[in-house]
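Using the sequences plus the hints, can you model the full thing?
Protein chains: 2
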Amino acid sequence: MNDLVKNIVTTQYVTLAHPPEEITLDSGAVLGPIEVAYETYGVLNTEGSNAVLVCHALSGDAHAAGWNTPEDAKPGWWDTMIGPGKSIDTTRYFVVCSNILGGCKGTTGPSSINPKTENRYGLQFPVITVGDMVHVQYALIQHLGIKTLLSVIGGSLGGMQALEWAARYPNAVKSIVLLATSHSNGAQQIAFDAVGRNAIQADSEFKEGNYDPEAGPRKGLAIARMLAHITYLSDQSMHRKFGRTLRDSDQLGYHLESEFNVETYLDHQGARFVNRFDANTYLYVTKAMDYFDIASGFDSLDESLARIQAKVLVVSFSSDWLFPPYMSQDIVHTIARNGKDISYCNIKSDAGHDAFLLEVDAISQMLSGFLIHTLYPERICENCPPKLCEGRDVPSVPTPEAVLSRPRRVDYDMIVNLVDEGSRVLDIGCSEGELLCRLQRSRNITGLGMEVDQEKVARCIACGIAAIHGDIDRGLSQLPDNSFDYVLLSMTLQVLKKPDLALKEMLRVGRKCIVSFPNFGYWRVRSTLFFQGRAPVTAHLPYAWHESPNRHVLTIKDFRNFCSKLHIGIEKEIFLHSDGETRFLPNLRAEEALYVLSTSENNIVAH
Amino acid sequence: MNDLVKNIVTTQYVTLAHPPEEITLDSGAVLGPIEVAYETYGVLNTEGSNAVLVCHALSGDAHAAGWNTPEDAKPGWWDTMIGPGKSIDTTRYFVVCSNILGGCKGTTGPSSINPKTENRYGLQFPVITVGDMVHVQYALIQHLGIKTLLSVIGGSLGGMQALEWAARYPNAVKSIVLLATSHSNGAQQIAFDAVGRNAIQADSEFKEGNYDPEAGPRKGLAIARMLAHITYLSDQSMHRKFGRTLRDSDQLGYHLESEFNVETYLDHQGARFVNRFDANTYLYVTKAMDYFDIASGFDSLDESLARIQAKVLVVSFSSDWLFPPYMSQDIVHTIARNGKDISYCNIKSDAGHDAFLLEVDAISQMLSGFLIHTLYPERICENCPPKLCEGRDVPSVPTPEAVLSRPRRVDYDMIVNLVDEGSRVLDIGCSEGELLCRLQRSRNITGLGMEVDQEKVARCIACGIAAIHGDIDRGLSQLPDNSFDYVLLSMTLQVLKKPDLALKEMLRVGRKCIVSFPNFGYWRVRSTLFFQGRAPVTAHLPYAWHESPNRHVLTIKDFRNFCSKLHIGIEKEIFLHSDGETRFLPNLRAEEALYVLSTSENNIVAH
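Chains A and B are the protein sequences, given in the same order.
Throughout the first sequence, residue numbering follows the working numbering, covering 2 to 608 in sequence.
Throughout the second sequence, residue numbering follows the working numbering, covering 2 to 608 in sequence.
The reader is advised that the hints may include incorrect statements.
Identical copies carry no separate label here, and so any pair may be met within one copy or between two of them.
Lysine-lysine pairs mimicking DSS-like chemistry, simulated, CA-CA at most 27 angstroms apart [said to hold, decoys possible]:
hint, residue 1, residue 2
1, K148, K457
2, K341, K208
3, K558, K505
4, K457, K498
5, K349, K457
6, K573, K208
7, K87, K148
8, K148, K558
9, K505, K457
10, K498, K349
11, K499, K457
12, K499, K349
13, K349, K558
14, K573, K505
15, K505, K117
16, K573, K341
17, K117, K208
Hints are computed from structural coordinates only; laboratory data are not their basis.
This is the structure in structure tokens:
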């Protein structure tokens, strides 16, 4: 079946949905028998718990990894990610990839022979949906003896399939990974698809879909592919690759033919595509994408995605304008609103939509960590590849030594002691997830982090800590009221654009908030300014005036007044200096202050 | 000629370049005779100083304003901007618009009869450039007896023509206005154009361009137009207009035909276009756009744009992804580097490339002010529609009263007195241009403003003050060394992300810098923090800690140390408090400090 030494894989075929057990499609039509082309890599373990389904995009096929013959010029389309020791590690996982329903690479589609007529289906093939593709994959998985998939992973159309899997078969999927995709095709995407279909259908060789497979609407299909190819790149990457360079000359030719290198590239993409793809499949698959709307039949996206039980990892790419990051964020926010396990990272890349095939390193770290933590959820740290929290012990009461050795993170020790066992915790500005990791280990909390820095959020995800790449200054409007027991904001208040809005939002989504900040009222700070007339630099305010990331200066007194004005209840105040906690003259003596806040007006501080 | 009462205009025709006086095209080919279709609005004044040429985009024509017949359903394509009392005011200006060379709306193009063969030119028509279009316009302008154009204005391809005008005929153009355009077609634009041309040429009805004008490659042309239309909108505007709504039903049809409203819209745009446009013209004009690169034949864009003598106004639109704002900014920065009169605004809009036709209000204010100040350059304020500086007198020495009545702008009075007559001045964070306006009036300076706020930069431009929409935190790298006598940064240092980089850049581009900031060492500030333990709020620091836009707190002492470390020379220090200037214990007594800085190390302050 597989030759792991040479990485030689053979595409396999199975016929499913034999009449009279045809599959009923979303349209109501029935279809069967259905031949499915698929490949597998690795070995299914005895528990059947390590199966990963990889879903391909528009023009892909079942050959995701390895070589079909030693003479192949190229390996499978996602060989960068799938293989021994790679992020979808075939020594650990049993990986399945099948050609989609309606395809032209071995699975039944419009170019297959219709057994009823013994002719090609052509336009007699029923219009299919992403749901129908997933339906056929489900039958394949059952045929392979897999009850539960550890993960379904896909980019673009493949991501639509993964999302559909989690919504349609919530008990059969433990996790999904959605790359460069959307919960529905938007107007612009439908428009591009429609132009492509028009180009195929306008070709005089199209002949209502009954073309000779050796001829057919080659010009129309090439035009559709050229157009689609532009949408897979980005303005920046096209500029970088081609600019305005000419093919054969440094002089304009003053003729109407193709002469810029970017034209040559598109001509080549179009010409290559018509030799390997079927025009009718192009019509059917783009139509399925246009039809895709996971919320269809539901009152809202929220209601639709509430079906999902799987852990979800969403990855978007900054320059992807076919499925722009906001489409991924719609999915992320909806799943977060539903209180499900969600992680998200928007990878900075100029590779456009194709980034999901090209940004191998940035994806790999997150994907491998996410998969391993799905496989072994109980072992938080042993399986954590970056060993984020290795050897880090959580003292029950912080010792002065512990405080002194981590002056900037004194508040972490305090926070760990303030959070109740088993709580739901949102950590804003979670950095690499150290605090959430400690809370998960010592308090058994369910955590979610939010972090603006891509590298840091990726580290969280790699360590099995659910985290969302995002900015509190853009608000928490995606989260419902009282969806967390605690919302944490550790030493971050002073760098926010709008700390008042942030606090209001935190108190809306959390029962309690724990906030810490450097105290500008600390005596060393006051003295430096008063006696020396200089902006202060201290251990907790370590920056020269012109380098400081802190946007705001505030004292304990300022913060108390602020809470009073905003009717925020102060449940606890803890004042920290280098020797530990202090209670006497805190606004003078504390370098850092930590507050437990609530909306209750039972304020412990008199005003 | 014109009926201004009814706004009825008649398209006129003139034949130019009669053999043997044919025009030599950029390709070297000669072409003549050339018929030109044009319209005019308003009356040329006796000095011939009020002529404005409006250039149309790809599918436009000479009919820019008014009605050709009272029965017309719609007025000309830019009637929102051109007319009595409109921003291109036909009671003040003589406006000309002509159909471009190669067009199909009355000017000679591939659908015209070639007098040599008495057949249509078809693909025998020579390949033309934007330069050739402008060449023909130049001949028309001479025919109309106009020596100098007050302005050449255009959007998209029209903007390319305007830029070409200023570069090719620098002495014939006093100003140009470039909307939603570029200095060259980039790789992505060439790619879209190439797909469109492929669709036309692949149509079996194209017949190498020798199609029957009543038939022709209608399907191919429609596909090209559908595709182009997507690039004229934005993802956001398509989502807003169409979303995923269906034409006739609330149920998917499960067929392969067009059914989404966005498809209907594109079908309609395609079908309408083929009835009014010629496919060969589409090939020639998109090729001319692909060929457009104003730097072609020069070593750099800088060298090419150095030819320009005209005042330049550049306007881009935030959601325009066909000609994204960075393309406009390339023009702006290059012209600024060349030390020419340049203004720029990036208008926030979700209308995509079409915004240049739709954002009438936002464009009008700037355009009308820019034109009137070009017509009457000497009358800065009388013609300034917003009357920005009306009645504002500049006292030679600021009186205590003046200081008290404008506490936040004390420094303006000082700065006016520090700047030499006739200097070149860059004002960073110029707001609505008040300081530059005062300096222009009382010191006869040549000013340039830089401002992040769109409304404020638009007010500057409307008032005849050259200003660039931009952010000092992104640097001044576009400006060459020592290109200004003074660079001003008034009460802005403390809000910058990177004040050190900003100051270094300011001292690179200016001989001297004048910087003012609120003094955090002022005794009231110190006392509030020291005795009351609160973040201070004063007249010069008027914000509560959580609302402050100030990112940095600094004192006079901090600033002196900072200058010393960066080897910045302090030529003058002026300390201001509410009673005027102060010299005694400035770091305690001054609310605001003003510095004249230079790279010379002749520091007046001892360290």
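Here's how the hints hold up against the structure:
| no. | hint | verdict |
| --- | --- | --- |
| 1 | K148 to K457 | neither (35 angstroms within a copy, 63 angstroms between copies) |
| 2 | K341 to K208 | neither (49 angstroms within a copy, 60 angstroms between copies) |
| 3 | K558 to K505 | within (19 angstroms within a copy, 37 angstroms between copies) |
| 4 | K457 to K498 | both (21 angstroms within a copy, 22 angstroms between copies) |
| 5 | K349 to K457 | within (13 angstroms within a copy, 32 angstroms between copies) |
| 6 | K573 to K208 | neither (77 angstroms within a copy, 83 angstroms between copies) |
| 7 | K87 to K148 | within (25 angstroms within a copy, 71 angstroms between copies) |
| 8 | K148 to K558 | neither (60 angstroms within a copy, 72 angstroms between copies) |
| 9 | K505 to K457 | within (26 angstroms within a copy, 31 angstroms between copies) |
| 10 | K498 to K349 | both (23 angstroms within a copy, 22 angstroms between copies) |
| 11 | K499 to K457 | both (23 angstroms within a copy, 23 angstroms between copies) |
| 12 | K499 to K349 | both (25 angstroms within a copy, 23 angstroms between copies) |
| 13 | K349 to K558 | neither (41 angstroms within a copy, 41 angstroms between copies) |
| 14 | K573 to K505 | within (18 angstroms within a copy, 46 angstroms between copies) |
| 15 | K505 to K117 | neither (65 angstroms within a copy, 79 angstroms between copies) |
| 16 | K573 to K341 | neither (30 angstroms within a copy, 62 angstroms between copies) |
| 17 | K117 to K208 | within (22 angstroms within a copy, 41 angstroms between copies) |
When the structure is compared with the earlier hints, violations turn up for hints 1, 2, 6, 8, 13, 15 and 16 and for no others.
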